[in-house]
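Given the coordinates of chain D, work out where chain R should sit on it, guided by the hints.
As you go down the protein sequences, you meet chains D and R in turn.
Start counting the first sequence at 94; every next residue gets the next number (this note's numbering).
Start counting the second sequence at 94; every next residue gets the next number (this note's numbering).
None of these hints come from the bench; they were simulated from the model.
A few of these clues could be false.
Copies of the same chain look alike in the list, so a pair counts if it fits in one copy or across any two.
[Claimed, not checked] With a straight-line cut-off of 20 Å between C-alpha atoms, the simulated DMTMM-like cross-links for lysine to aspartate or glutamate are:
1. 401 / 137
2. 362 / 238
3. 418 / 358
4. 362 / 419
5. 319 / 377
6. 319 / 137
7. 227 / 238
2 protein chains.
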Amino acid sequence: MKRILLLVASLCILGTSLFAATIPEGMAPLPTQVPVPSNNPMGEAKIALGKQLYFEPALSKSGEFSCNSCHNLGTWGVDNQQFSIGHQWQRGGRNAPTVFNAAFWSKQFWDGRAPLLEDQAKGPPLNPVEMSSKDAESVMAQLKEAGYEPLFQAVFGKNSFTYDNMAKAIAAFERTLITPNAPFDKFARGEGTISAAAQRGMQKVEEVGCTSCHSGDLFTNNAFVKFAYGSDNGLKSVTHDKGDDHLFRVQSWRNVAMTAPYFHDGSAKTLAEAVRVMAKVQLDTELEESDVSDIVEFLKTLTGEAPKVIYPVLPRPAGHALNWKD
Amino acid sequence: MKRILLLVASLCILGTSLFAATIPEGMAPLPTQVPVPSNNPMGEAKIALGKQLYFEPALSKSGEFSCNSCHNLGTWGVDNQQFSIGHQWQRGGRNAPTVFNAAFWSKQFWDGRAPLLEDQAKGPPLNPVEMSSKDAESVMAQLKEAGYEPLFQAVFGKNSFTYDNMAKAIAAFERTLITPNAPFDKFARGEGTISAAAQRGMQKVEEVGCTSCHSGDLFTNNAFVKFAYGSDNGLKSVTHDKGDDHLFRVQSWRNVAMTAPYFHDGSAKTLAEAVRVMAKVQLDTELEESDVSDIVEFLKTLTGEAPKVIYPVLPRPAGHALNWKD
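Here chain D stands alone, though its shape is the one from the complex (with noise of 0.2 Å):
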C-alpha cells in the first residue's frame, strides 16, 4: 500500500496520466539487491573467475559443453531446445530454466530440489546426459590441465582447488546476471507506460487468480505447486516421497517471454498455449482468446535488460593439446 501511494505522488510530480493504481497489489518492480549466503560473499575477482568457468567447455568431459551452451546468455540464459543437446546428443528430460534472475530464487532446478545456485552449479558437469563427468576428480582435473589452479588460489586461497569453490565462482558470477527496467518495472515506478492491452492483462492475470502462485517482484512465491500435467513426478522423483508427486517450483514469469519453449517438458511451445493451459489445468478456467491474448502482451512487458558481458578468455596451457574424453 505504501508502495502504490509512493508511486502515486511520484506520477503527480511528474504530472504524467499514467494511473498507477491499476497495478495490482503485491507486483513490484525487480529488485536491484540479489540475496548473497554470507559464506560466498561477492567479489571482483570471485565473479570474474565464474565468468570464465561458466564459459569454460572444459567443465564438460568432452570439451564441448558449458553452462552457456544450455543457458546461453545471448538468447535469455535459455537454448529454446525443448530439451538440451549433451554428451553424445544426448538430450534431458526437462526443459532448461533461464539462469537470468534465479539469484532471486530460492528454489532451482525444476524440481526445486537444490536451494542455491551454489548446489545447482554441481549438478550439470556430473549428469549423465549432460556433461557427463564421472566424478568431481574428474572435472578438477580437466579444469587444472586448462590451468585454472592458480585461478581458484588467487581468489580462494592455499589449498582451494576444489568442487565447491568452482560451484561458488560460477554462483558468484550469475548472481550478476540480472535483468532490470523491464517496461513493467518502468511503468510500476512511473517511468513509464504499457499497451492498454498489457495492461488489461496485468488486471486479468489478478482477477482468474494467476498471482496466487506468480506475484511478486519476481512474479513467483518462489513455493512448490502441484502441476499435474505429463509424467514427470517432479520432486517425487526425487525425493521417492508420494506427497511431492508432481511438485514443481513456480517458476518465475521475468522474462518469460524470451525463454520458449514452456514447461518443465517444453511441451508448450508459445505463451499463448502456455497461458491456456495453465488456466485450465491450475485453476479450471478456459480463457477467452482476448484474454488470453492481454495476458500475453502483459507477460512481454516483464522481459528486462539482459545484462552487459564481455566474453571472457579462457585459462589454457601454452603449447599443449587439452586431453578430452569422448
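Frame of chain D; chain R shown alone:
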C-alpha cells in the same frame, strides 16, 4: 632494412639495451589494418550484426552450434579438439583453424580453397558434419524465424536478406578479431624484450629455414605448400588435380601456442612435436631438443592480446519457440 634502421633509431632514443638487429629480416609486428574487400566495407551496424550471427546457434540445423562453438573467442578462436564435434556428434576430418587474424590471410580453410572470409563463412552451415542445413534457404528460414530479416535490412537495405549478406556480416565482424601487441611485436617495436631462449629460437627458425614459408608480419607467406604427411590430400580433395596433392595453406604462427592440437589432422598434441615434425618433413632437419625448446619459446612470444568482445543479445521472437531440426 629501412624498418631495422628505424628500429635502431627508436631504440637509441629510448636508450634501451635491446639489440634490434637481432630481429631477422622479414619478421615484423602484426599490421594494425586488415585488408577489406571493396564490395564489403566495414561499418558499425554490419559488425554488430556479424557478431550476432557469429554467436547464433540458429545458423545450425539443430540450434546447437554457432561459429563460436568451434572457433571459440574465449579460447583463441579454436576449440582445442582434434576434430570438432558437429551435427549429431559427428566429427569432421580437419582441425578447426583459428578465426583470430584470419582476416589477414589470402586463403581460408586448410586446403586454402576459399580466398576470403566471405567465402569461408558460407561453408560450415551447409557442411553435413558441421551445422548440417540442407541448403542456404533452410539457414535463412531459421534466421528469419529468429527475427533477423529487419536487422539485415537495416544494414544492407531492401531485399537484402540473403545468404551472401549473412556471410558478409560475419566476415566484417571477423575482421575485428585481431590480436595485436604480442611480446614479439613489442620487442620488434623496441617496447619490450623477450627471453634469451626466445631470442635464440627466433634466430634458429631463420637458420633452419622455417621462415622460408613462415615469414612476414603474419609468419606465413600465405602460399600453398606440399605437406606430405598423413592421408589427407589437401587441395587435391577439392580440385581433383594431381598437382594439388597434399597442398595445404601455410599456417600463421600468430597465437600458435594457444591453438593446440596442431596440423590439419590435429595429430600433434604439443607445439614441440609440431616443430619437430615440421623440421623433419619440410626441411629434412633433425632438431636438437634444446633448439626445439628455444623455438617453442619464440613461438610463445607470438601470442597477442585477445580482442575484447561484448557478448551479443540475439534476436528471438517474443512468446514463440524456434523449430529446430534434430
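Using 20 Å as the alpha carbon limit, work out where residue 362 and residue 238 are close: within a copy, between copies, both or neither. between (41 Å within a copy, 13 Å between copies)
Between copies, within a copy, both or neither: which fits residue 319 and residue 137 at Cα up to 20 Å? Answer is neither: 40 Å inside a copy and 50 Å across each miss the 20 Å cutoff.
Homomeric proximity label, residue 362 with residue 419: Cα distance no greater than 20 Å: Answer is between: at 16 Å across copies they meet the 20 Å cutoff, but 33 Å inside does not.
Intra- versus inter-subunit Cα pairing at 20 Å for residue 227 with residue 238: For residue 227 and residue 238, only the intra-copy Cα distance (17 Å) is at most 20 Å; the inter-copy one is 38 Å.
Reference check for the pair residue 418 and residue 358, CA-CA at most 20 Å: within, between, both, or neither? Cα proximity of residue 418 and residue 358: across copies only (18 Å, versus 29 Å in one copy).
Same-copy or cross-copy closeness of residue 319 to residue 377 [CA-CA at most 20 Å]: This pair counts as within: shortest intra-copy Cα distance 14 Å, inter-copy 73 Å.
What label fits residue 401 with residue 137 when the C-alpha limit is 20 Å: within, between, both, or neither? Both ways: residue 401 and residue 137 sit 15 Å apart in one copy and 18 Å across, limit 20 Å.
Against the hints set out earlier in the document, a violation occurs for number 6 only.
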